[in-house]
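Colleague: Chain by chain, the residues:
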Amino acid sequence: MTDPVATPQVPERRPTDWKGKVMQRRIANRYAAERRFHAMGLGAVLLSVGFLAFLLVTMIGNGASGFRRTEILVPVDFAHAAIRLDPASFRGPGREAALAAADFEGVLFESAQARFGGGVFKILSEGAWLTVRNKVADNPDILKGKADIWVPASSAIDRAAKSGTPDPELDRVRKITDVRTSFDVSFLVGADSTDPTMVGVWGAFKGSLLTMLVTLALAFPVGVLSALYLEEYAPRNRWTDLIEVSINNLAAVPSIIFGLLGLAVFLNVMSLPRSAPIVGGLTLALMTMPVIVIAGRNAIKAVPPSIRDAALGIGASRVQVVFHHVLPLALPGILTGTIIGMARALGETAPLLMIGMRAFVSAPPGGLTDPATVLPVQIFLWSDEVSKGFVEKTSAAIIVLLVFLMTMNGLAIYLRNRFERRW
Amino acid sequence: MNAQNFADAATDSTAGTERDIKMVARDVNVYYGPKQAIKGVSIEIPTDEVTAFIGPSGCGKSTFLRTLNRMNDTVSGARVEGDIRLDGENIYDSSMDVVQLRARVGMVFQKPNPFPKSIFENVAYGTRIHGLASSRGEMEQIVEQSLKRAGLWDEVKDRLNDSGTALSGGQQQRLCIARAIAVDPEVILMDEPCSALDPIATAKIEELIHELRGRYAIAIVTHNMQQAARVSQRTAFFHLGHLVEYGDTSEMFTNPREQRTKDYITGRYG
Numbered sequence: 001m002t003d004p005v006a007t008p009q010v011p012e013r014r015p016t017d018w019k020g021k022v023m024q025r026r027i028a029n030r031y032a033a034e035r036r037f038h039a040m041g042l043g044a045v046l047l048s049v050g051f052l053a054f055l056l057v058t059m060i061g062n063g064a065s066g067f068r069r070t071e072i073l074v075p076v077d078f079a080h081a082a083i084r085l086d087p088a089s090f091r092g093p094g095r096e097a098a099l100a101a102a103d104f105e106g107v108l109f110e111s112a113q114a115r116f117g118g119g120v121f122k123i124l125s126e127g128a129w130l131t132v133r134n135k136v137a138d139n140p141d142i143l144k145g146k147a148d149i150w151v152p153a154s155s156a157i158d159r160a161a162k163s164g165t166p167d168p169e170l171d172r173v174r175k176i177t178d179v180r181t182s183f184d185v186s187f188l189v190g191a192d193s194t195d196p197t198m199v200g201v202w203g204a205f206k207g208s209l210l211t212m213l214v215t216l217a218l219a220f221p222v223g224v225l226s227a228l229y230l231e232e233y234a235p236r237n238r239w240t241d242l243i244e245v246s247i248n249n250l251a252a253v254p255s256i257i258f259g260l261l262g263l264a265v266f267l268n269v270m271s272l273p274r275s276a277p278i279v280g281g282l283t284l285a286l287m288t289m290p291v292i293v294i295a296g297r298n299a300i301k302a303v304p305p306s307i308r309d310a311a312l313g314i315g316a317s318r319v320q321v322v323f324h325h326v327l328p329l330a331l332p333g334i335l336t337g338t339i340i341g342m343a344r345a346l347g348e349t350a351p352l353l354m355i356g357m358r359a360f361v362s363a364p365p366g367g368l369t370d371p372a373t374v375l376p377v378q379i380f381l382w383s384d385e386v387s388k389g390f391v392e393k394t395s396a397a398i399i400v401l402l403v404f405l406m407t408m409n410g411l412a413i414y415l416r417n418r419f420e421r422r423w
Numbered sequence: 001m002n003a004q005n006f007a008d009a010a011t012d013s014t015a016g017t018e019r020d021i022k023m024v025a026r027d028v029n030v031y032y033g034p035k036q037a038i039k040g041v042s043i044e045i046p047t048d049e050v051t052a053f054i055g056p057s058g059c060g061k062s063t064f065l066r067t068l069n070r071m072n073d074t075v076s077g078a079r080v081e082g083d084i085r086l087d088g089e090n091i092y093d094s095s096m097d098v099v100q101l102r103a104r105v106g107m108v109f110q111k112p113n114p115f116p117k118s119i120f121e122n123v124a125y126g127t128r129i130h131g132l133a134s135s136r137g138e139m140e141q142i143v144e145q146s147l148k149r150a151g152l153w154d155e156v157k158d159r160l161n162d163s164g165t166a167l168s169g170g171q172q173q174r175l176c177i178a179r180a181i182a183v184d185p186e187v188i189l190m191d192e193p194c195s196a197l198d199p200i201a202t203a204k205i206e207e208l209i210h211e212l213r214g215r216y217a218i219a220i221v222t223h224n225m226q227q228a229a230r231v232s233q234r235t236a237f238f239h240l241g242h243l244v245e246y247g248d249t250s251e252m253f254t255n256p257r258e259q260r261t262k263d264y265i266t267g268r269y270g
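So the sequence lines, in the order shown, correspond to chains A and B.
End of the first sequence sits at 423 in full-length UniProt numbering; the numbers just go up one at a time, nothing left out.
End of the second sequence sits at 270 in full-length UniProt numbering; the numbers just go up one at a time, nothing left out.
In short, the hints are calculated from the structure, not lab data.
What you are looking at is a predicted structure, and each value in this text was computed from that prediction instead of being measured.
Where a beta carbon is used, it is the ideal one built from N, C-alpha and C, also for glycine.
Treat the hints with caution; some may be incorrect.
As the list claims (entries may be wrong) - Computed footprint of chain A on chain B; a stretch qualifies when at least three of its residues, placed anywhere within it, have a C-beta under 8 Å from a C-beta of chain A:
| id | stretch |
| --- | --- |
| 1 | 65-76 |
| 2 | 115-125 |
What the hints assert, rightly or not - Below, computed lysine to any residue pairings styled on SDA-like, alpha-carbon distance capped at 20 Å:
| id | chain 1 | residue 1 | chain 2 | residue 2 |
| --- | --- | --- | --- | --- |
| 3 | B | Lys-111 | A | Ser-186 |
| 4 | B | Lys-117 | A | Arg-308 |
| 5 | B | Lys-111 | B | Val-244 |
Using the sequences plus the hints, can you model the full thing?
Modeller: Below is the structure:
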């Protein structure tokens, strides 16, 4: 059969003119479109980098000084003070009571008054006597004589010293004694206070840490197991559809609603302690779990069915298929979802306000049931303060929160990369 | 022997030829929801021979293969009727443990699907979950033996800790065969094992099937008729869910009884 098969006659096609004017314009348009898209993409990336840089620069600019504190050297003459303190009483079993009872404020005031003449409260921080107390607690022997003690300056002096603006009060103090501005350890180890020179973030940091631990311990296993069950075991019917829709809706519920739920269920019905990390963690776990379930289900769906077949085909049970093959392969995706959920929980303020975690807590929480606050709530509270000294502390706390967030995410990304496998 | 009687009772085109029968299916119907995919199929899988399932796409040959180790259980909406016996034991009986069944009736899939683990772990996995090796040394021995039987040992013996997914397609498929062999099955089901492979890798797999014959009962689904002719002793031709013809491969390809078989084998459709 060498003859060509007869086909119905179609009009002859015009040969394509690849060099023609129309074609050239088409090429030019195509190149222009490519360039436009390239420029827009680059622009978008640069814009977001710019915003990020702006955020970081302003935060660090405002907040860096929050990590530093101005101190004034005050010679305290314990031996000749009107209020005499006995070194022996600060040793042994009665120590705590003696420290609480002793009038360090009076002793410091007396010495400072003698030194600065007047306006002691304008010069020294309201909580300056705490430094004296701590010094005595460390070494009661200083009570036998005179001691030069660096005590925190008042908020006004502190701001003047840091900003370098001329301030008559500061100049007067500088003539009398030494003034220094140095790194403030107490900001990292202390808790909330009414005086901006005495505040610390450790209380809120530890509150956040405990709350996150509760959240993770609940939301991660419950979320992963729910996702596994729904993907691998649950039958496809109206009930599972309903559950799927409910979980998707839960992930979109405004966070303050979860706060109301926590208030109604954990505090009113279950009578758990108010303001406690355990309640905060439970509430945030409710909020985080749907995110983990959704991310987990998607990650599990992405595991190729051929892997399941392979395992089933050599006689692995369903549990073995899930835990030996599906879960390890889905884990990177699940961890990504967990990072997103936990980061959101860490930055959450609204639901915690509802369960009383906005209380003024002046000591770091000792456990899950102690009153506590968390970093974002602490930031919110400080930003609301009247005293100007809180401005830099607010920014400094934001830096601490960002560092916390980055550390947490870094850890999760490290874990995810360790589990990442290709198939 | 019960299975033998049962086999004789089943439709057999070559009654009279004595052979050991490993698996017997009788009047098997498979439904996917309302759709019937397999219609009254009766067949037996001999112990020492390779049985090929051929037929046009969508004729149900893979579906039928998957009923033999109950892999269709995992498909939602799939329903199997009829009687399938392994050594006389009904595999759909409630007393049959499906996990053990799949260890006894191993499976090799269309697309090579090694686990994203090391070559060693791939082969050792089945042995481990069924507790077939009592020591590390025994495990190593099983892995080596399985890889040798799958004809892969010489190529991978120096890199047992490399990922199984890093091998070539043909090597991956032989790894999957080694993985199936490692649990010491009685039957190996192969679902178009060469359809994703190049001709050289295909030739290696076919050679391997020849070597495995006699040690395991083998059922292989293929849409390549030359392959069926090369590797099998028995051939079953499926069409639209029916088993049209079942008999000796040589006879089937030279002298088919049914017109439909003849048309398919001569390439009239398919």
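Colleague: Next, verify each hint and record whether it holds.
Modeller: Status of the hints after comparison with the structure:
no. : hint                       : result
1   : 65-76                      : holds (count 4)
2   : 115-125                    : holds (count 3)
3   : Lys-111(B) with Ser-186(A) : 63 Å, violated
4   : Lys-117(B) with Arg-308(A) : 14 Å, holds
5   : Lys-111(B) with Val-244(B) : 27 Å, violated
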